[in-house]
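Student: Chain by chain, the residues run as shown.
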Amino acid sequence: MIPNSVAVTPELVAEHGLKPDEYERILALIGREPTLTELGIFSAMWNEHCSYKSSRLHLKTLPTSAPWVIQGPGENAGVIDIGDGMACVFKMESHNHPSFIEPYQGATTGVGGILRDVFTMGARPIAALNALRFGSPDHPKTRHLVAGVVAGIGGYGNSFGVPTVGGQTGFHTRYDGNILVNAMAVGIAKADEIFYAKATGVGNPIVYLGSKTGRDGIHGASMASAAFDDKSEEKRPTVQVGDPFAEKLLLEACLELMTTGSVIAIQDMGAAGLTCSAVEMGAKGDLGIELHLENVPCREEGMTAYEMMLSESQERMLMVLDPAKEKQAEAIFRKWGLDFAIVGYTTDTLRFVVKHHGELMADLPIKELGDEAPLYDRPHVASAPPAVVPAESVVPPMATGDALVRLVGTPDLCSKRWIWEQYDHLILGNTVQKPGGDAAIVRVLDGPKGLAMTCDVTPRYCEADPVEGGRQAVAEAWRNITAVGGLPLAVTDNLNFGNPERPQVMGRFVGCIRGIGEACRALDFPVVSGNVSLYNETNGVGILPTPTIGGVGIIDDVHVHATLAFKVEGETIVLVGETKGHVGQSVWLRDVCGREEGSPPPVDLAAERRNGDFVRGLIRSKRVKTVHDLSDGGLAVALAEMAMAGRIGAKVTAPAGAPVAHGFWFGEDQARYVLTASKAEAERIMAEAEAAGVPAVVIGTTGGDALTLGDEAPISIDKLRRAHEDWLPHYMTGPEAIAAA
Amino acid sequence: MKSAVIVFPGSNREQDVIRALRVGAGHEPVKVWHADTELPAGTDLVVLPGGFSYGDYLRCGAIAGRAAIMDAVRAHAARGGLVLGICNGFQILVESGLLPGILMRNRDLRFICRMQHLKVERTDTAFTRAYAPGQVIEVAIAHGEGNYEADEETIRRLEDEGRVIFRYCDAEGRVGGKANPNGSTHDIAGICSEGRNVLGMMPHPENLVEDLVGGVDGLGLFRSLRAA
Numbered sequence: 001m002i003p004n005s006v007a008v009t010p011e012l013v014a015e016h017g018l019k020p021d022e023y024e025r026i027l028a029l030i031g032r033e034p035t036l037t038e039l040g041i042f043s044a045m046w047n048e049h050c051s052y053k054s055s056r057l058h059l060k061t062l063p064t065s066a067p068w069v070i071q072g073p074g075e076n077a078g079v080i081d082i083g084d085g086m087a088c089v090f091k092m093e094s095h096n097h098p099s100f101i102e103p104y105q106g107a108t109t110g111v112g113g114i115l116r117d118v119f120t121m122g123a124r125p126i127a128a129l130n131a132l133r134f135g136s137p138d139h140p141k142t143r144h145l146v147a148g149v150v151a152g153i154g155g156y157g158n159s160f161g162v163p164t165v166g167g168q169t170g171f172h173t174r175y176d177g178n179i180l181v182n183a184m185a186v187g188i189a190k191a192d193e194i195f196y197a198k199a200t201g202v203g204n205p206i207v208y209l210g211s212k213t214g215r216d217g218i219h220g221a222s223m224a225s226a227a228f229d230d231k232s233e234e235k236r237p238t239v240q241v242g243d244p245f246a247e248k249l250l251l252e253a254c255l256e257l258m259t260t261g262s263v264i265a266i267q268d269m270g271a272a273g274l275t276c277s278a279v280e281m282g283a284k285g286d287l288g289i290e291l292h293l294e295n296v297p298c299r300e301e302g303m304t305a306y307e308m309m310l311s312e313s314q315e316r317m318l319m320v321l322d323p324a325k326e327k328q329a330e331a332i333f334r335k336w337g338l339d340f341a342i343v344g345y346t347t348d349t350l351r352f353v354v355k356h357h358g359e360l361m362a363d364l365p366i367k368e369l370g371d372e373a374p375l376y377d378r379p380h381v382a383s384a385p386p387a388v389v390p391a392e393s394v395v396p397p398m399a400t401g402d403a404l405v406r407l408v409g410t411p412d413l414c415s416k417r418w419i420w421e422q423y424d425h426l427i428l429g430n431t432v433q434k435p436g437g438d439a440a441i442v443r444v445l446d447g448p449k450g451l452a453m454t455c456d457v458t459p460r461y462c463e464a465d466p467v468e469g470g471r472q473a474v475a476e477a478w479r480n481i482t483a484v485g486g487l488p489l490a491v492t493d494n495l496n497f498g499n500p501e502r503p504q505v506m507g508r509f510v511g512c513i514r515g516i517g518e519a520c521r522a523l524d525f526p527v528v529s530g531n532v533s534l535y536n537e538t539n540g541v542g543i544l545p546t547p548t549i550g551g552v553g554i555i556d557d558v559h560v561h562a563t564l565a566f567k568v569e570g571e572t573i574v575l576v577g578e579t580k581g582h583v584g585q586s587v588w589l590r591d592v593c594g595r596e597e598g599s600p601p602p603v604d605l606a607a608e609r610r611n612g613d614f615v616r617g618l619i620r621s622k623r624v625k626t627v628h629d630l631s632d633g634g635l636a637v638a639l640a641e642m643a644m645a646g647r648i649g650a651k652v653t654a655p656a657g658a659p660v661a662h663g664f665w666f667g668e669d670q671a672r673y674v675l676t677a678s679k680a681e682a683e684r685i686m687a688e689a690e691a692a693g694v695p696a697v698v699i700g701t702t703g704g705d706a707l708t709l710g711d712e713a714p715i716s717i718d719k720l721r722r723a724h725e726d727w728l729p730h731y732m733t734g735p736e737a738i739a740a741a
Numbered sequence: 742m743k744s745a746v747i748v749f750p751g752s753n754r755e756q757d758v759i760r761a762l763r764v765g766a767g768h769e770p771v772k773v774w775h776a777d778t779e780l781p782a783g784t785d786l787v788v789l790p791g792g793f794s795y796g797d798y799l800r801c802g803a804i805a806g807r808a809a810i811m812d813a814v815r816a817h818a819a820r821g822g823l824v825l826g827i828c829n830g831f832q833i834l835v836e837s838g839l840l841p842g843i844l845m846r847n848r849d850l851r852f853i854c855r856m857q858h859l860k861v862e863r864t865d866t867a868f869t870r871a872y873a874p875g876q877v878i879e880v881a882i883a884h885g886e887g888n889y890e891a892d893e894e895t896i897r898r899l900e901d902e903g904r905v906i907f908r909y910c911d912a913e914g915r916v917g918g919k920a921n922p923n924g925s926t927h928d929i930a931g932i933c934s935e936g937r938n939v940l941g942m943m944p945h946p947e948n949l950v951e952d953l954v955g956g957v958d959g960l961g962l963f964r965s966l967r968a969a
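Going down the list, the protein sequences come from chains B and S.
Per the numbering used here, residue 1 is the first one in the first sequence, and the count goes up by one each step.
Per the numbering used here, residue 742 is the first one in the second sequence, and the count goes up by one each step.
Rather than coming from a laboratory, the hints here were simulated on the basis of the structure.
Incorrect hints may appear among the rest.
One side only, chain S facing chain B, incomplete, derived with CB under 10 Å [unchecked claim]:
#, residue
1, Asp757
2, Ala761
3, Gly783
4, Thr784
5, Phe852
Listed next, the in silico DMTMM-like pairs over lysine to aspartate or glutamate satisfying Cα-Cα at most 20 Å (straight line) [to be verified]:
#, chain 1, residue 1, chain 2, residue 2
6, B, Lys60, B, Glu372
7, B, Lys449, S, Glu951
8, B, Lys190, B, Glu256
9, B, Lys449, S, Glu890
10, B, Lys625, S, Asp952
11, B, Lys567, S, Asp952
12, S, Lys919, B, Glu307
13, B, Lys434, S, Glu879
14, S, Lys919, B, Asp348
15, B, Lys625, S, Glu951
16, S, Lys772, B, Asp322
17, S, Lys919, B, Glu725
18, B, Lys190, B, Asp556
19, B, Lys622, S, Glu890
20, B, Lys335, S, Asp777
21, B, Lys434, S, Glu894
22, S, Lys919, S, Glu890
23, B, Lys141, B, Asp412
24, B, Lys434, S, Glu951
25, B, Lys335, S, Glu779
26, B, Lys416, S, Asp849
Note that the coordinates shown come from a computational prediction; the quantities given were computed from them, not determined experimentally.
In this text, a Cβ means the ideal position worked out from N, Cα and C, and glycines have one as well.
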């Protein structure tokens with residue numbers, strides 16, 4: 001029995017984010033009242049962020065294996081085999097709540113956390129990506145949040161030294177009170193030198209590495225597990241502060257240490273810090289852990305056991321070391337100027353014991369801390385599928401060309417150059433496809449292999465029809481990798497939703513998972529890592545369901561790839577895939593007609609696979625170099641992007657039998673690509689497509705300095721470029737500055 | 742030709758410049774740790790790579806400029822040895838007193854990473870002899886503090902002595918206006934020492950040495966060093 005200095009009241013339990021029945025569960029588990037430190041440990045382990053208590057049941061349905069999967073979900077990051085003894089290690093994680101409260105630090109620590117997840121496994125990070133969702137551009141906070149988040153992502157990644165090569169940024173009023181910052185990191189390692197969190201051996205030292213522990217971030221994971229209200233700003237002290245310099249040193253020191261063979265297990269201290277990392281290492285290895293907190297390097301004096309166990313100070317690692325190599329390991333960390341302290345050891349008791357200056361502060365069953373965490377089958381209701389909006393029923397309010405110029409200059413479709421130019425996307429000298437393409441391409445070491453990577457989701461589709469939306473997010477990631485010539489291998493998923501205690505929200509979560517699972521199975525594109533972020537809700541308003549999919553694919557010879565820019569005048573333009581003219585939930589319907597409604601385009605996974613495999617084959621056999629996938633804005637926007645990127649125009653006409661004009665130009669039917677080839681090559685491609693059962697149609701020819709759609713007047717590329725490039729920098733400069741200029 | 746690449750805590754483009762020296766200058770440099778006090782015997786070229794040495798805390802390049810190895814680098818430069826500082830390396834050179842002036846925050850107060858045209862103003866250095874005088878090249882920039890400033894007298898001397906080696910320009914070689922990405926005085930992107938053996942530049946020629954990755958306009962600098 002541990003003497004308890006603080007009385008555990010119902011209020012104290014509630015402050016720790018634990019429901020009364022969850023507290024009863026604790027009492028039943030340990031047979032006594034917990035100490036304050038123990039209550040803190042339970043709150044850290046049993047919150048939504050760490051325990052996945054609302055989502056576990058459903059996540060289990062996702063496909064997670066394939067012959068090339070080395071490590072699926074459950075470790076710091078997923079690992080896939082990319083051949084020649086190499087592995088790719090990757091994961092995406094959200095830092096939504098902190099980024100809304102303190103955008104710069106929230107974003108930096110999001111990037112820092114995900115990079116740490118990757119190098120904890122022994123991989124050197126080679127690329128970072130991010131998916132960002134902000135509120136309406138008109139919302140008074142949006143500009144400040146965009147500026148802070150982008151500067152923060154750049155501030156961390158640029159200094160750490162990893163190229164930020166791609167991502168996605170969107171705006172919608174449903175994110176006014178809860179922005180999304182999803183950061184993805186990709187690293188490479190030798191396939192037989194991956195490091196895991198599972199501790200082995202009794203009596204082995206637990207070593208604390210990296211920066212000192214401070215009072216920052218206490219209860220960060222609990223904050224990430226609650227909805228916001230008007231007092232959210234008061235939670236600023238729970239946001240951690242990032243130090244990319246310390247992380248860079250930690251990276252180099254860890255990778256150097258790993259070559260010595262002294263590391264038995266390693267776990268980064270992320271959410272819930274020392275608590276979560278120590279418990280996971282012990283529980284995975286069926287071992288107990290005993291910590292002696294007086295040895296923890298602290299930034300501040302007088303820190304209590306409670307504070308040390310819950311601190312989320314950044315740039316820290318926990319390792320189990322081979323005692324024979326302790327001195328060698330310490331020398332490496334001292335060389336890099338980092339803290340190195342033995343803070344405990346493994347035991348055979350299966351207890352998680354925390355002592356501070358000899359005083360027992362916690363003594364809990366280690367396996368049950370994780371295994372016995374609450375598991376909820378939350379009530380969920382499926383949303384009624386919205387009605388299809390037939391293209392013929394919509395009267396276009398303006399000409400095709402005018403609509404196109406408007407669309408390429410909307411917040412969602414405009415150039416994100418203002419953002420990615422603040423990210424060092426060229427460092428390491430391996431960025432073959434920079435931001436602005438369908439997928440980023442990064443060479444692996446000195447080649448010839450390359451990795452294609454992308455982040456995708458269309459939240460408005462997920463809101464309207466969660467199952468189709470989930471399928472579409474996966475299909476689009478798969479298509480983007482295919483469009484550059486990559487073979488899609490696996491995904492990481494970052495599931496951002498509102499309050500799971502609302503059956504409608506939970507229904508969309510369940511629907512999206514179902515759709516993601518179906519698409520991943522059909523496309524052989526398993527989920528190897530991921531993260532769930534719930535309670536993205538402020539004053540009762542939840543975000544759009546946003547299951548971001550981060551996909552990775554392999555390119556065997558990185559020289560053989562495709563990009564979206566038109567490259568040669570006089571080439572034939574071919575549209576691959578079937579165009580039915582689906583305008584429901586299209587950006588055209590929303591941003592040109594002012595109607596955010598209808599069902600999203602259905603995803604035919606067999607067609608996705610057939611069409612995609614056909615296009616990838618053409619790229620890999622070096623027959624086409626110009627390919628673009630069709631997504632938001634449909635065919636017209638895709639053609640405009642290809643023309644703007646290559647500064648070469650095109651003349652395009654709808655073929656016989658095409659749907660109504662706005663459906664043809666702006667419909668968002670799935671499984672489609674545009675490619676170009678010489679006239680003779682295009683003829684061969686058309687014949688082969690027909691033989692393969694792949695719908696393909698010639699729609700025009702490249703050339704000139706304007707884009708001509710049907711019989712409308714040509715639109716100059718300059719005009720498109722101005723609309724496309726100007727919106728974001730003008731918005732960020734602000735109306736006052738524009739007026740003054 | 743023997744070269745040494747100095748690695749400070751927080752350096753992060755050392756592998757990029759090592760690859761460029763391998764591809765362009767045809768030799769394998771050695772890495773030297775910041776806490777060392779001597780350069781390897783027979784070092785001809787010292788490279789201070791890009792990055793965020795010591796986190797760029799205090800002031801970019803300020804702590805690295807006073808690192809143990811920098812005494813050896815200063816002595817090497819005084820003997821006429823070649824020193825190349827790129828980006829953070831340039832910032833370290835001005836902080837260590839090897840080059841005049843200072844690198845301030847970019848005009849727009851944002852980090853900028855993009856392709857940028859440069860005019861090669863002088864080819865009478867060991868670093869630029871493989872370029873043609875006035876040649877316009879396109880290389881990468883990636884910095885938050887690249888806005889070169891110095892007092893009027895220093896700027897006048899740099900110009901009069903032909904020590905401005907690279908200037909920001911547009912694709913046609915025109916300087917000024919939007920062609921200047923960061924507000925640098927006189928569009929200065931790179932300068933050399935009086936003895937023309939120390940070059941500091943903000944842009945990254947080391948990231949432009951392959952057609953596959955953006956182009957080869959940076960190769961000229963490393964080919965120049967091959968001949969050195």
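Student: Hints first: check each against the structure and report whether it holds.
Tutor: Consistency of the hints with the structure:
A distance limit of 10 Å between C-beta atoms decides the matter here; for Asp757 of chain S the minimum to chain B is near 5 Å, and the interface restraint holds. Among the interface hints, the one on Ala761 of chain S holds; its C-beta lies about 8 Å from the nearest C-beta in chain B, closer than the 10 Å criterion. The interface hint given for Gly783 of chain S is broken, as the beta carbon of that residue sits about 26 Å from the closest beta carbon of chain B, more than 10 Å. With a cut of 10 Å, the hint placing Thr784 of chain S at the interface with chain B is violated, because the nearest CB-to-CB distance is about 22 Å.
The beta carbon of Phe852 of chain S comes within 5 Å of a beta carbon in chain B, closer than 10 Å, and the hint placing it at the interface holds. Only pairs whose Cα atoms come within 20 Å are accepted, and Lys60 of chain B paired with Glu372 of chain B is accepted, the gap being roughly 17 Å. Between Lys449 of chain B and Glu951 of chain S the alpha-carbon distance is near 16 Å, which keeps this suggested pair within the 20 Å criterion. Taken as a hint, the Lys190 of chain B and Glu256 of chain B pair is honoured in the structure, with Cα atoms around 14 Å apart against an allowance of 20 Å.
For the hint linking Lys449 of chain B to Glu890 of chain S, the alpha-carbon distance of about 43 Å lies beyond 20 Å, and the restraint is violated. Proposed proximity of Lys625 of chain B and Asp952 of chain S is supported: the alpha carbons are some 16 Å apart, at most 20 Å. Taking the CA atoms of Lys567 of chain B and Asp952 of chain S, the gap is about 16 Å. The hint holds against a cut of 20 Å. Taking the CA atoms of Lys919 of chain S and Glu307 of chain B, the gap is about 51 Å. The hint is violated against a cut of 20 Å.
Simply put, Lys434 of chain B and Glu879 of chain S have alpha-carbon atoms about 16 Å apart, close enough for the 20 Å limit, and the pair holds. For the hint pairing Lys919 of chain S with Asp348 of chain B, the CA-to-CA distance comes to about 67 Å; that exceeds 20 Å, so the pair is violated. Between Lys625 of chain B and Glu951 of chain S, the direct Cα distance comes to roughly 19 Å. Compliance with the 20 Å bound is thereby established for this hinted pair. Restraint check: the Cα-Cα separation between Lys772 of chain S and Asp322 of chain B comes to about 30 Å, which exceeds 20 Å; the hinted pair is violated.
A hinted pair counts as satisfied when its Cα atoms are at most 20 Å apart, and Lys919 of chain S with Glu725 of chain B qualifies at roughly 15 Å. This hinted pair checks out: Lys190 of chain B and Asp556 of chain B have alpha carbons roughly 17 Å apart, not beyond 20 Å. Between Lys622 of chain B and Glu890 of chain S the alpha-carbon distance is near 49 Å, which puts this suggested pair outside the 20 Å criterion. Taking the CA atoms of Lys335 of chain B and Asp777 of chain S, the gap is near 12 Å; set against the 20 Å cutoff, the hint holds.
Simply put, Lys434 of chain B and Glu894 of chain S have alpha-carbon atoms about 41 Å apart, too far for the 20 Å limit, and the pair is violated. The suggested pairing of Lys919 of chain S with Glu890 of chain S holds, with an alpha-carbon distance near 18 Å, which does not exceed 20 Å. This hinted pair checks out: Lys141 of chain B and Asp412 of chain B have alpha carbons roughly 17 Å apart, not beyond 20 Å. A threshold of 20 Å between alpha carbons decides the hint, and for Lys434 of chain B with Glu951 of chain S the separation of about 15 Å falls inside it, so the pair holds.
Among the hinted pairs, Lys335 of chain B with Glu779 of chain S is consistent with the structure: their alpha-carbon atoms are about 18 Å apart, no more than 20 Å. A C-alpha spacing of about 17 Å is found between Lys416 of chain B and Asp849 of chain S, which places the hinted pair at or below 20 Å, so the restraint holds.
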